[in-house]
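Asker: Take a look at the letters that make up each chain.
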Amino acid sequence: MLRTIGQRLADSVPTLLLVVTLVFLALRLLPGDPALVALGENATPDQLDLFRHRMGLDIPLWRQYLVFLKDLATLNFGTSFMNQIPILDLLAASLPYTLALTAAATAVGVALGVPLGVLAATRRGRTADTVARLLALLGFTVPDFYLAALLLIWLALGWGWFPINGLGESLPDQLYHLVLPAVTLGVVKAAFISRLTRSALLDVLGRDYVRTAWAKGAQAGRVIYRHALRNALLPVATGLSVSILSTLSGSVAIELIFGRPGLGSLLIGAIETRDYPVIQADLVVFAVLVVAVNLAMDLLAVAIDPRLRT
Amino acid sequence: MTPLLQVRDLVVEFRFRRATIRAVDGLDLDLDASGTLGIVGESGSGKSMASLAIMRLLPQPAGRVAQGSIIFEGRDLLALKASAMPAIRGRDIAMIFQEPMSALNPVMRVGDQITEALHLHERIGSAQAHARVMEMLELVGIPAPAERAYAYSHQLSGGMRQRVMIAMALICRPKLLIADEPTTALDVTIQSQVLDLLKRLRRTLGTATLIISHDMGVIADVAERVVVMYGGRVMETADRATLFRDPRHPYTRGLLAAIPRLRDHRRRLHQIPGSVRPAGPPRPGCPFAPRCDLARPVCAEQDPPRIVLGEGHIAACWAVAEAVS
Amino acid sequence: MTATAVLLRRPVGTLAAIVLVLLVLVAIFAPALSPYDPLTQSVMQANLAPSAAHWFGTDQFGRDVFSRVLTGTRSSLLLGTISPAIAAIAGCALGILGGYFGGVTDRVVGRAIDLLLCFPELLLGILVSAALGPGFWELVAALGLAFLPRFARIARASTLSVRREPYIEASLSVGCRHALVIWRHVLPNVSGPIMVVLTLWVATAIRLEATLSFLGLGTQAPAPSWGNIIRDGLNNLFGSPWPIISAGIAISVTVLAFNLFGDAVRDLLDVELDE
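Residue numbers (our numbering), protein chains in the order written: chain S, 1 to 310; chain W, 1 to 325; chain Z, 1 to 275.
By construction, these hints were calculated from the structure, which means they are not laboratory data.
Here the structure is a predicted model, which means the values were calculated and not measured.
Think of the CB as a built atom: it goes at the ideal place given N, C-alpha and C, for glycine as much as any other residue.
A couple of the hints might just be wrong.
[Stated by the list, open to error] Among chain S residues calculated to face chain Z with C-beta under 7 Å, some are:
{"#": "1", "residue": "Met1"}
{"#": "2", "residue": "Pro143"}
{"#": "3", "residue": "Leu171"}
{"#": "4", "residue": "Ile268"}
{"#": "5", "residue": "Asn294"}
{"#": "6", "residue": "Met297"}
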């Protein structure tokens, strides 16, 4: 088990290197000139040169890459153009909120999606199945930011059940502020997870070992939850990494709507103010999170399925 | 003495949107306590569906028992509520399957799977349960049972897996063990080991055994009485000695002739011409008629009569009927 | 099966197709259909609720929301169809290249696809638009790159399966050039599965375009798009919820229609393959 974990960790190192390289290259090799994008069409050649020099864009690409990697390894992201705050501080201040939102949304999605998927699979063609199907259609159709805006209009603005935006002060207050954003992202996620759970469970329920469980004299609940569901969760765990990542990227819009700080707000703000070093650092953090989530779901799969252990 | 299991006129059907398929058509079985009964037939003969019907585990939602009775210890299992079946499965009637690899849960330790079977039917402390499981694993010939109990099924060999399945089936000392092609997925050497194990366990535990196989050799090795099935119907029933000495049904004769014998190795292996008619809607006539050497016009039109040839020896065949009369 | 029989047996897909045709007509004739100029501001007319004069009300600048939503149809449909189409072409080229030639080429292509597939589409879209800046073709590139790995993976998988067919070997052995083999044998086999998923990806592309526009990375103000109508509406929550609601319904209906139409197309093609 420990060796498998070590193996997976080691495997993700090259991936990590590749994704940060992808960010590096995207910002430099795509046809857009970072200086022009950052300073706008009206910048003078002198301003552009100054920008390139400050960003280290005037040296050969391979040297830029080495500098980029060295800065990354030493967590030296430089300072923001806008306010000269060290970028590491900005990231450290934003990351926890994005992680909290993603985790809360995932919890809502799993808590809602898995039981719904089980109901849909075990009562095929009945009410629960129809509800699950409609929810899935909703999830695949309505964009999360629109759903967020609707909930904001009705539940927060109209009925005053929830705060409109911000973070909250005390811990309970913060959790209260987290409800609407998490539910918005969670419902969309639940749609996906319930479909995944349904099809995985339907597949597993036809397997021989489920028949064995029946033949032992197990009752329906035991057969479904103890024997079938655990096996069905394997494909769900794989799908979950896709789902968590789309929640992570969806959080960008949700943070904007609910006025929450986070990596997304930071990124969008930086793009608007053309704060180039912040954009790069923020995207690198997103890329690292992508690898981390994939790794975590990989390890979850290993925990569920002994066959994946070496 | 009342028989342990008495199946009468069992009809199993699968209803699909477009068609109804009759998998088992009028099966009779009799099995005494601690007796052994073998059902032999090619794949598609309905033998597996018959065994699943006894457990009331027919594939849902299409499969159902259309007719007949399954009397187990004086109770008709088909008349019981579905909720009463779990208490019988595993405790009174246990089952082992063809593919031990896929029949074991891949994400549970095999020891836990056996223990679960025990806990489902007996109030028993965990230390005691552990002891029982160890004892059972030893009984089925698993070396170092304490270690093997911690293994997952993918870590065991095919033979070990089937031994685990057998241990799981017998842990509650059921009165009836249904073994559906227990050796088909195994290597030949392992096959004979598992068959020896089944015979030994039946002697020591006194469990009645219903063994199902396409392999006449397996049936001859284990079963005292034999039911030969084809196309969902019973072709011939007899005790083992009678069946091998004096097979009467053309299909049984074909099956026996297909067993390779060491002595006359110069002869070509016999094979029954043609192939199994796919299961379909109920039709009159003998299902074997299209492949039968002795077929006559009546065979395809009317169900053959059941001819009693001796004590417990019955053949359903027009040709046999003619020969007898 | 005749065309009518197909339509009657799939009422949902048919309805979706009708909605899509209407949407295309709306996009084409948006200027003629719009009762007002979508850009004209009027402080006196700000934040009106829906009425006979303004079906969807007005926004904080007094612009007619109905006209803005109609005009927004154009960029949504245009971007939503062009980007996946470009991604499909580029993805096919990449996937076929890897799957057909195998070896080092395939390992590089396969690794690149895997790497891009790690990223959610939205994140790739944000990455590219952050690098390229705003603009129509920049947005096409952002959306296109987001979908490219999805198409490349499908194309690569189908190519790999065709590549093993004996007739490919036979064609090459009688002297067919690779380009001809790809054109005659590989491409037709790859295009089927791609066509099946294309409609579904159009739905995703429309949603993604709306999200990027909402984030300020897509269609730039003052030109209306469904995403930036919602963004403007968010800054005017206390003024009027109608711009958000109307634009959101437009997005949802369009995405739903493409999704249902895509499902119907997939079913239809699957049935054909079965029979």
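Asker: Now, for every hint given, state plainly whether the structure supports it.
Answerer: Now the hints, each set against the structure:
no.	hint	verdict
1	Met1	violated, 25 Å
2	Pro143	holds, 5 Å
3	Leu171	violated, 27 Å
4	Ile268	holds, 6 Å
5	Asn294	holds, 6 Å
6	Met297	violated, 11 Å
Of the numbered hints stated above, those contradicted by the structure are hints 1, 3 and 6, listed in ascending order.
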